[in-house]
Amino acid sequence: MIKQCMLQVKKTAPLIHNITNYVTVNDVANILLACGGSPIMSDEAEDVEDITSICSGLNINIGTLHKTSIEGMFKAGKKANELGHPVLLDPVGAGASTLRTNTALELMRKINLTAIRGNISEIKTLSYGKGTTKGVDADVADTVTEENLKTAIGFVKEFAKESGSIIAVTGAIDLVSDGDTCYVIRNGRPEMGKITGTGCQLSGMMAAYLAANPEERLAAAAASVCVMGLAGEIGWKYMQRGDGNSAYRSRIIDAVYNMTEDELERGAKYEVF
Amino acid sequence: MIKQCMLQVKKTAPLIHNITNYVTVNDVANILLACGGSPIMSDEAEDVEDITSICSGLNINIGTLHKTSIEGMFKAGKKANELGHPVLLDPVGAGASTLRTNTALELMRKINLTAIRGNISEIKTLSYGKGTTKGVDADVADTVTEENLKTAIGFVKEFAKESGSIIAVTGAIDLVSDGDTCYVIRNGRPEMGKITGTGCQLSGMMAAYLAANPEERLAAAAASVCVMGLAGEIGWKYMQRGDGNSAYRSRIIDAVYNMTEDELERGAKYEVF
Amino acid sequence: MIKQCMLQVKKTAPLIHNITNYVTVNDVANILLACGGSPIMSDEAEDVEDITSICSGLNINIGTLHKTSIEGMFKAGKKANELGHPVLLDPVGAGASTLRTNTALELMRKINLTAIRGNISEIKTLSYGKGTTKGVDADVADTVTEENLKTAIGFVKEFAKESGSIIAVTGAIDLVSDGDTCYVIRNGRPEMGKITGTGCQLSGMMAAYLAANPEERLAAAAASVCVMGLAGEIGWKYMQRGDGNSAYRSRIIDAVYNMTEDELERGAKYEVF
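Residue numbers (my numbering), protein chains in the order written: chain A, 244 to 516; chain B, 244 to 516; chain C, 244 to 516.
It is possible that some hints are incorrect.
The list treats identical chains as interchangeable, and a pair is accepted whether it falls inside one copy or across any two copies.
What the hints assert, rightly or not - Calculated pairs, DSS-like style, for lysine-lysine (alpha carbon to alpha carbon, straight line, at most 27 Å):
no., residue 1, residue 2
1, Lys404, Lys353
2, Lys253, Lys480
3, Lys254, Lys437
4, Lys353, Lys310
5, Lys310, Lys321
6, Lys322, Lys353
7, Lys437, Lys480
8, Lys310, Lys322
9, Lys254, Lys322
10, Lys404, Lys437
11, Lys393, Lys318
Hints listed in this document are in silico derivations from the structure and should not be mistaken for laboratory results.
With the hints as extra help, turn the sequences into a complete structure.
In structure tokens, the structure reads:
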């Protein structure tokens, strides 16, 4: 199934509309091309409806919010909903500021979100609502570990059910659930955290996977998480003397570019609960 | 002549004012440095006239339009026209949205554009005017091939004459014309399409070539197209196991950085009609 | 001391709030991660106070000013001052436009700046005030050389005293002074000037060094300058056939990522006056 999802992306080359932060936008564009999709960026309110209309999926990332881009997010989201396109939200920094938390919560209320992908703190902020400006509480922000895995799966399933969106929590262990089923994925390397924007890149790629697999959205979301983690493992094998986080960033995108369906099938480490 | 144009860029190190999209802006800056020019970016309406005044060329790219940057484009364009600086337009996504199409058309009407560089669909949208929000019609959007080359040359010459701008259509085969003469260029590799922003990079570099060669603008524009395509060929030769579109992006800029006039002369593949 | 400053950054992993240009922002983020810090970007006026509050330092860079981001700079700066966080200003292009010069001067008046880092022309513009739109006069803009070193040291010390900020002038020879003492640093390579944003990257890293070393801010600022220059030297050693400015950019960030305290101590070339 995972393998089939990748094949569909390569076959249909979905054009993805990204309203994303200016920090990691270039990497998001290049990883979309690497995985077989195609990127277009537009956040001006006057432009977004036209752009969303020629695309097959929408990726909203709140990493560097501007008042004008917020307006664009709602307009694009509504248009994408009308057209039946998948919409993904990456709530970067939800919990770190009132503007980010409230924007993410309002997007959840007003836009039909196909998937929400974030780290555990961001997702918990959205789940517990009314995030504070100081970020989520430490006890809530517990990383997903083998010890608390059962609880974490329960939380993600519950929130997916409540929200009606696929919830993807990424970290050392990744969880992806639609409320009924939960993928537990163990690909990736800790050094990926030393690169800015691997999460943003995954969100862009997940939007392409969702767009290319309308009948298999949970598997598609999980597949994109496996691709990103496996690319982190493959890219690491190519690291040479003197290489650091900047070379690693490039090698991960390259690994996505070169990955075949068979490699993915062999390398993907996941269980389904 | 092509060789001479490169020499002039390296000798005069033109400072180029870029009002460009936030997706590929870093690559545009680095390729301008690689080719021997120098970049400065500014899109705030209050800032652009001062910045354009200390530069010797202006590169306008509509890849991520904002209402405020549109105002900056017109202000900078007018000032550059007053000062006799070359102005290049890269109409990214013209035909894909009303805002992009209309902004590009209005820039053509109000600013004296030295050159317009885009893909065939974007250029056809500008030529046939009143672009629709759905992109140009498929029959109009035909790629330039050996089969339709004559017609394509005729179209580009005609549009260059009408518009009063050098028209550069880039793709598998590149066409660059001032209305009288048309360069047909066959450098480059198809894998360049898997990197975001090779077109934007070329536009930045073309602006530097135009600025450094005021007496030979058609040759200068064609030279920059040869440099980009040849860099794509040279960069490809350095690709190693595990490399993909991200490494390739870097290798192309590096190839521009290392290219000599003699290499360009030997490697440039063009005919003049 | 230099070595100790690096250790503190790695130990405390300071989160740095960056209001910076969209050209080099990704490199700033990655070099902050490389050096042991952590980046967050936010320029929207409504967002910046919350973000600054969860950080331990603020980096303001005026490379691509927007009216809205200017508002954000003042708000964030005031909040950081209230909280006692170090604030760094990188006055990119001060002297090149009225907006840039005036914004930098107003930031100096209204915000308590811990450090200002720029090239000699930018710093002289701030020192002589009322910069013109044509950039600083040529005679003022003299590069720091072995010949004029004494005068340059005197100028930087004086301006540091007057402004109450640590002044860091970077170029072939780097000067860092708090008004009493002046570090003269001779690390680095001329090819670093062919990469866009090495200055911006250094500013981000310097903010992290200042944040992690509240008791030793002059040494911390000087240490970050040594790290950047030494990374330029180490990165250069890894350059391979075909590499150019793009590969070099990546290798410098990687060198920061891999640099140990002992390497820094052995490689740092500085004198104190």
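To see whether the hints hold, each was checked on the structure:
Taking CA atoms no more than 27 Å apart as the test, Lys404 paired with Lys353 passes inside one copy only; the shortest distance there is 17 Å, against 50 Å between copies. In this homomeric assembly, Lys253 and Lys480 come within 27 Å of each other (Cα to Cα) both inside a single copy, at 24 Å, and across copies, at 25 Å. In the homo-oligomer, the alpha carbons of Lys254 and Lys437 lie at most 27 Å apart only across protomers (15 Å), although the nearest pairing inside one protomer, at 33 Å, exceeds that limit. Taking the shortest alpha-carbon separations for Lys353 and Lys310, both the intra-copy value of 17 Å and the inter-copy value of 25 Å come in at or below 27 Å.
Taking the shortest Cα distances, Lys310 and Lys321 sit within 27 Å of each other both inside one copy (17 Å) and across copies (21 Å). For a Cα distance limit of 27 Å, the shortest separation of Lys322 from Lys353 inside one copy, 12 Å, qualifies, whereas the shortest one across copies, 33 Å, does not. Both within a single protomer and between protomers do Lys437 and Lys480 lie at most 27 Å apart by alpha-carbon distance, with minima of 16 Å and 23 Å respectively. In this homomeric assembly, Lys310 and Lys322 come within 27 Å of each other (Cα to Cα) both inside a single copy, at 19 Å, and across copies, at 20 Å.
When the C-alpha separation of Lys254 and Lys322 is checked against a cutoff of 27 Å, the pair qualifies only within one copy, where the shortest distance is 25 Å, while the shortest distance between copies is 47 Å. For the identical chains of this complex, Lys404 and Lys437 are neighbours neither inside a copy (32 Å) nor across copies (38 Å), given an alpha-carbon limit of 27 Å. Taking identical chains as interchangeable, the C-alpha atoms of Lys393 and Lys318 are never at most 27 Å apart, the minima being 38 Å within one chain and 44 Å between chains.
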